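Okay, here's what each chain looks like letter by letter:
Protein chains: 2
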Amino acid sequence: MKEQNNIKRTDVNTLGEFGLIDHLTKDFTTTNASTIKGVGDDCAIIDNGNNYTVISTDMLVEGIHFDRIYTPLKHLGYKSIIVNLSDIYACNAVPQQVTVSIALSNQYSVEDLEEIYSGIHTACKIYGVDLVGGDTTSSNKGLIISVTAIGQVDPQKVVYRSGAKVGDLLCVTGDLGAAYLGLQLLEREKDLYLSQPDIKPDLENQAYLLERQLKPEARRDVIDLFAKSELHPTAMIDISDGLASEVFHICKQSGVGAFIEEAKVPLRQETELMALRFKLDPITCALNGGEDYELLFTISPEDLDKTTYLTQLFIIGEIVPKEDGIKLHTSGGNIHDLQAQGWRHF
Amino acid sequence: MKEQNNIKRTDVNTLGEFGLIDHLTKDFTTTNASTIKGVGDDCAIIDNGNNYTVISTDMLVEGIHFDRIYTPLKHLGYKSIIVNLSDIYACNAVPQQVTVSIALSNQYSVEDLEEIYSGIHTACKIYGVDLVGGDTTSSNKGLIISVTAIGQVDPQKVVYRSGAKVGDLLCVTGDLGAAYLGLQLLEREKDLYLSQPDIKPDLENQAYLLERQLKPEARRDVIDLFAKSELHPTAMIDISDGLASEVFHICKQSGVGAFIEEAKVPLRQETELMALRFKLDPITCALNGGEDYELLFTISPEDLDKTTYLTQLFIIGEIVPKEDGIKLHTSGGNIHDLQAQGWRHF
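These protein sequence lines are chains A and B, in that order.
Counting from 1, position 283 in the first sequence corresponds to residue 283 in the working numbering; the numbering is continuous, with no gaps.
Counting from 1, position 241 in the second sequence corresponds to residue 241 in the working numbering; the numbering is continuous, with no gaps.
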C-alpha cells in the first residue's frame with residue numbers, strides 16, 4: 001500500500017543536524033511582515049506590533065536525550081522547561097509562558113506523570129513562567145516531551161546570533177564541560193549496574209557534575225543584570241551543543257572569525273579531575289561536551305565597564321575578521337583551527 | 001539506580017485524556033498578566049500589548065496518530081500543519097507562523113524527510129504561514145512530529161469555548177464522520193494487504209473519505225467570512241475528537257446544556273454508505289469519529305441574518321440551560337443524553 005518507492009535513500013546522518021535543517025528548509029521563504037526571524041537562531045522572533053514575541057521549541061526523546069535508568073522524572077520535567085527558557089534568554093528576552101506535550105508508552109503510570117509535572121511546576125514557579133497548554137498522548141515506545149516557550153522582548157533589546165563585530169569580546173557566563181562529565185559518570189555507573197546489580201553506584205561527592213547534567217539552570221540572572229547594567233550584547237547564543245559549536249554559529253551568522261584562549265575557558269576543578277579520570281582532555285569536554293546552558297555572547301570593548309555587576313563573566317577571546325578563521329590558542333602555546341567536533345583522547 | 005520506587009501505580013487510561021490533563025495541571029496557576037488563557041481551550045492566548053498572540057501545539061506519533069503503511073509522508077507533513085492551524089482558527093485568529101520538531105528513527109531517510117517537508121511547505125504556502133523554527137532529532141522507534149502554530153487576533157474578536165449563551169444556535173461548517181470512515185477503510189485494506197500482499201487495495205471511488213482522513217483542510221475560509229460578515233460567534237472549537245466531545249467541551253466551559261437534532265447533523269452520502277458497509281451507525285461516526293477539522297460554533301439568534309455568506313453552515317441545535325443537560329433528539333423521535341464516547345454497533 002505504500003505509495004512511495006524511493007530509489008534513492010540517503011542516511012540522515014550524512015548531512016549532520018544543522019546541514020539537514022538547512023537542506024530541508026532551503027525552499028521556505030517567509031512572507032508575513034510579522035516574521036522577524038525564522039529558522040536559524042535560538043528562537044523564532046515575531047513582531048506583534050508592540051514588542052517582539054520570542055518562541056523556542058525543543059523535544060526530549062527517551063533513549064536519545066535522556067536515559068530513564070538514571071534520570072529522575074522530576075528532574076526531567078524540570079530540565080525540559082529549562083532548555084527552552086535558556087533559548088529565550090539567549091535572545092535577551094523574558095520567557096512568560098510554556099506549553100508541554102508529552103507522549104508516553106503504557107510503561108508509564110499516572111504517578112510517573114505526576115513526577116514529571118512536579119518538576120515542570122517547580123521550574124515554572126522559579127522562573128516565573130505560566131504553563132498555558134499542551135497535551136498528553138500515547139506512544140508505542142518510551143517518553144517524548146516537547147516544550148514550547150514563549151517570551152517577550154523590546155525590539156531595541158533583542159539579541160541575535162548575527163551581530164558580532166570584529167574587535168568584540170567573546171564571553172561566557174560560567175564553567176563548561178561539567179554537564180558532559182556528569183553524563184559520563186551516569187553512563188559508567190549504569191554499565192556497572194547492568195553488569196553487577198548488587199554494586200551500589202559510586203556517585204558520592206559528585207553532586208556538582210550530576211546536577212549540571214540532570215538539573216541544569218538557565219541564566220535568567222544574567223539577562224536581569226544586562227538590563228540593570230544597560231549592557232547590550234552584540235550577539236548571543238546558549239551553550240547546548242558545546243562551546244565550539246556555538247562559536248561556529250555566531251561566527252557563521254555574523255560573518256566573522258574568532259580567536260579563543262584555551263586558558264581562559266572556565267573549568268571547575270571537579271570537571272578537570274573527572275575528565276582526567278575518564279582519560280579525556282578537560283578542554284575538549286568544555287568545547288564539545290554540551291548541555292551546560294551557559295550563555296555565550298559578544299560585547300563591544302567599550303562596554304567593558306558595564307560588566308561590573310556580572311560576577312560570573314569570563315572573557316575567553318575576541319572576534320576577528322572572517323579571513324583570520326576560528327582559532328584556538330592552546331595553553332601549550334600552539335594556535336590551531338577550532339574543531340566543532342574533534343575529540344582528543346589521551 | 002532508579003531513585004523512584006513507586007508503591008502506587010495508576011494506569012494512565014483510568015483518567016481519560018482530559019481528566020488526566022486536568023489532574024496533572026490542577027496545581028498550576030498563571031501569574032503573568034500577559035497570560036489570558038492557559039490550559040483548557042484550543043489555544044493559549046497571550047496579551048502582547050497590541051493584540052493577542054494565539055498558540056497551539058500538537059504532536060503526531062507514529063503508530064498512534066498515523067500508520068506509516070498507508071500514510072503518504074507528504075500528506076502527513078501537510079496534516080501536521082493543518083491540525084494546528086485548525087486550532088488557531090477555532091479562536092477566530094489568523095495563524096502566521098509554525099515551528100516543526102521531528103524525531104525519527106534510522107528507518108527514515110533524507111528523502112523521507114524531504115517528502116514530509118514538501119507537505120509542510122505546501123500547507124504553509126496555501127495557508128499563508130511561515131515556518132520559523134524547529135529541529136530534527138533521532139528517536140529509537142518511529143516518527144514523531146510536534147508542531148506549534150502561532151497566530152494573532154484582535155482582543156475584541158477572540159472567541160473562546162466558554163462564551164455560549166442559552167438560546168444561541170449551535171452550528172457546524174461541514175459534513176462529519178468522513179475522516180473516521182476513511183480511516184476504517186485504510187485499516188481494512190491494511191489488514192487485507194498484510195494477510196494477502198498480492199491483492200490490490202480496493203480504494204477506488206473513495207477519494208472523498210480518504211482525503212478527509214489523509215489530507216484534511218482547516219476552515220480558514222470560514223474565519224475570513226466571519227470577518228467579512230462581521231459575525232462574532234459566542235463560542236467556538238474545532239472538531240478533532242468528534243462532535244459529541246466538542247459539544248461537551250463548549251457546554252462544560254460555558255456552563256450550559258445543548259439540544260442537538262440528529263437529523264440536522266450534516267453527513268455526506270459517501271459517509272452514510274460506507275458506514276453501513278462497516279455496519280456502523282452513520283450518526284455515531286459523526287458524533288464520535290473525529291478528525292473532521294470542521295468548526296463547531298455558537299451564534300446569537302439575532303446574528304442569523306449575518307450568515308448569508310456562509311454557504312456551508314449547518315444549524316444542528318441550540319444551547320439550553322445547564323439543568324436541561326446535553327441531549328440528542330434522534331431521527332427516530334427519541335430524546336436521550338448525548339454520549340461522549342458511546343459506540344452503537346449494529
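One should not assume that every hint holds.
[What the hints assert, rightly or not] Computed beta-carbon distance windows for the label pairs:
no.	chain 1	residue 1	chain 2	residue 2	range
1	B	Gly-19	A	Glu-302	55 to 63 Å
2	A	Asp-191	B	Asp-67	54 to 62 Å
3	B	Asp-67	A	Glu-111	13 to 21 Å
4	B	Ile-199	A	Ser-138	27 to 35 Å
5	A	Ser-138	B	Ile-126	51 to 59 Å
6	A	Gly-19	B	Ile-64	43 to 51 Å
7	B	Ile-64	A	Ile-126	27 to 35 Å
[Said to hold, decoys possible] Calculated cross-link-like contacts (lysine to aspartate or glutamate; reagent style EDC-like; alpha-carbon spacing at most 16 Å):
no.	chain 1	residue 1	chain 2	residue 2
8	A	Lys-327	A	Glu-261
9	A	Lys-26	B	Glu-204
10	B	Lys-190	B	Glu-204
11	A	Lys-252	A	Asp-324
12	A	Lys-26	B	Glu-111
13	B	Lys-141	A	Asp-67
14	B	Lys-26	A	Asp-135
15	A	Lys-8	B	Glu-114
[Unchecked claim] Covered by chain B, per the in silico footprint, the following chain A stretches (three or more residues, Cβ under 8 Å):
no.	region
16	19-25
17	47-56
18	108-118
19	123-132
20	257-269
Hints are computed from structural coordinates only; laboratory data are not their basis.
For clarity, every value in this text was computed on a predicted model and none was experimentally measured.
Built from N, CA and C at the ideal position, the CB exists for glycine as well.
Problem - Hinted pair A/Lys-8 and B/Glu-114, Cα distance within 16 Å - result: holds (12 Å)
Problem - Restraint check for A/Lys-26 with B/Glu-111, where alpha carbons must lie at most 16 Å apart - result: Satisfied, since the Cα-Cα distance of roughly 14 Å is no more than 16 Å.
Exercise for the section: Mind taking a look at whether chain B covers the region 108-118 of chain A? Criterion is 3 or more residues with CB to CB distance under 8 Å. Expected result: The restraint on the region 108-118 of chain A holds, since 9 of its residues have a Cβ under 8 Å from chain B and three suffice.
Problem - Coverage assertion for the region 19-25 of chain A with respect to chain B, Cβ distance below 8 Å, three residues required - result: holds (count 5)
Practice task
Could you see if the CB distance from B/Ile-64 to A/Ile-126 stays within 27 to 35 Å?
Solution key: Given range 27 to 35 Å: holds, Cβ gap about 33 Å.
Problem - Verdict on chain B covering the region 257-269 of chain A, criterion of 3 CB contacts below 8 Å - result: violated (count 0)
Practice task
Verify the proposed pairing of B/Lys-26 with A/Asp-135, using a straight-line Cα cut of 16 Å.
Solution key: Given pair B/Lys-26, A/Asp-135 holds - Cα atoms ~14 Å apart, limit 16 Å.
Handout entry: Verdict on chain B covering the region 47-56 of chain A, where coverage means 3 or more residues with a C-beta closer than 8 Å
Key = holds (count 7)
Exercise for the section: Starting from A/Lys-327, check that the Cα of A/Glu-261 is at most 16 Å away, please. Expected result: Distance of about 9 Å is within 16 Å: holds.
Practice task
Note whether the CB distance of A/Ser-138 and B/Ile-126 lies within 51 to 59 Å or breaks it.
Solution key: violated (30 Å)
Handout entry: Outcome for the supplied range 13 to 21 Å, where the beta carbon pair is B/Asp-67 and A/Glu-111
Key = violated (31 Å)
Handout entry: Verdict for A/Asp-191, B/Asp-67 (Cβ pair) under range 54 to 62 Å
Key = violated (37 Å)
In summary, the structure is inconsistent with hints 2, 3, 5, 6, 9 and 20 from the numbered list given earlier, while agreeing with the others.
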